[in-house]
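Participant: Here is how the chains run, residue by residue.
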Amino acid sequence: MSVRSADAVLNESFLEIRAKLLEVAATLDRVDRAVASGTPLSDAMQSRRSQVDEAIETLREDSVGRAEKLQKLFSRDYQPDWRKTFQV
Amino acid sequence: MDYIDPHIHMVSRTTDDYATLARMGCVAMSEPAFWAGYDRGSVDGFRDYFRQLTEVEPRRAAQYGIQHFTWLCINAKEAENVSLSRDVIAMIPEFLDAPNVLGIGEIGLNKNTKNEATIFLEHLELAIKFNQLILIHTPHLEDKYQGTRMILDMLCDDSRIDRSRVLVDHVEEHTIGEVLDRGFWAGMTLYPVTKCTPERAADMIERYAGERLLANSAGDWGPSKPTAVPDLIFEMRRRGHSESLIRKVVYDNPIEFFSQSKNFTFKPRG
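Chains as they are written, first to last, in this note's numbering: chain A, 1 to 88; chain B, 1 to 270.
Same shape as in the complex, but just chain B:
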């Protein structure tokens, strides 16, 4: 089955992974800007990273027939440095016209601090000013519930935010309901330790059906599995779910959400 991975950090992966993903049916992916495993020291460090996201990775993906899209921001972890964050936010518009940029992301909270919230709100201003889609990172483990509620507060307090143009990622059992109930899209991240397994993701699909629900692998430099979305497809099939429901979550829904960006020029396989 053709599928789209809506949240995967290919800068962390080898070219072999592109080949494997293509063989597993991945036809498109979107790569949010994130933490590199270390704090970058200058706005130029981010400028180089954004060039990698808008120039290098699309070329690498195209070699394997995969269409690569991306999102730009300074991530929540580095947002603790407010001065650097503001410099990066001011520089982002240089890249918003790149052909594979879908919006601002993954913005959010990490440890739910005042500085993180401040920079999150300034990212929202940027997205609103340039009419960009928004992709949200929610914190992990014991910080997730509190941080997700705080993020939803900030989004819902701003009447300019169109909830159908916001994807809230890394939802789990205790956050998915509120995200969907408030009208946002929700992404389940399949990850071995801190997020959710394919089995638990399938449980959530059974509880909430497939409306406004996506699944991704994260596929970053941590202990992650870039082929986790095919694992979910396999689990859903094993449980006897219809091909149409599976396809809705792993293909139709990403297309519907991303198509709200003029830069989503996805061409299905003929």
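Bound conformation, chain A alone:
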């Protein structure tokens, strides 16, 4: 259910998208500059950096549901047998 045209949606959001992408780009540049100056990412932060790369790849997918995929990417796994593990 969408009451607006695709052109209208993209047009009204274009500057906001541009600004958010620039923030991501500038942040990654900041990280890389810090790495280049001799402070490499720890294993934990490298894992997060990889998550960001995966998120960017997800944005490039040609399908609806990117927001849901990103949410799951940044989520802890669900274990179906958790009640047995916890004994509750």
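Derived pair list, reagent style BS3-like, types lysine-lysine, alpha-carbon separation capped at 30 Å: (1) A:84 - B:129; (2) B:225 - A:72; (3) B:77 - A:69; (4) B:77 - A:72; (5) A:72 - B:114.
These are calculated hints, taken from the structure and not from any lab test.
Given chain A's structure and the hints, the job is docking chain B onto it.
Facilitator: Coordinates of chain B only, in the frame set by chain A:
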């Protein structure tokens, strides 16, 4: 447009906020019991808090023509203290006959631990025993997906739970589908950082329509905006949605869900 905020923590807000909400069209609200920003040390601390929820806030709201309802529990964060939690759960029935109490909430998980799950299940027993509606808090950020699935497991494993009497709050894109598909009500919390923006909430309404869907502001002591529901109304209007769809989400649906409690004595504006 008149609207109802179904999840807002007014103990954290100033009286000026009541005035602003009234001017923005808020005619009723429900306030779940939650974490105060610090762990309380005794059951009497909760007894005083429940007096605030059942006596003080309804009076404050009434000064601005807003009808105030509430929910009682020990929240998931403090549920890590199992002994204190059990004392609080045993004390809650003292307040269940207060005229503005709609049910047990906001119960749920925070970090998805065994103790939190244990106390969640004991809250469910309390709700079942006293035939109360249930309002659920789902965790935030990386804990949300796992915690929401765990909560749904516990609810669905108990055949005594009537899913139409349970509202699962703080749903986002990766949890809303399962909550609605399993027959529960779902609440979207409009919040600047950890939950969802009015724009993303409008997206979810477009994807799932308005059936069994509510929107709230949380309006707590964190960086939140008590007038976030009017922001959603504005966003929906800006996109060209019908007044009837907007009204369904922000007014009709809360009334339909809350009306399952005998204490929901809401009187619409004449």
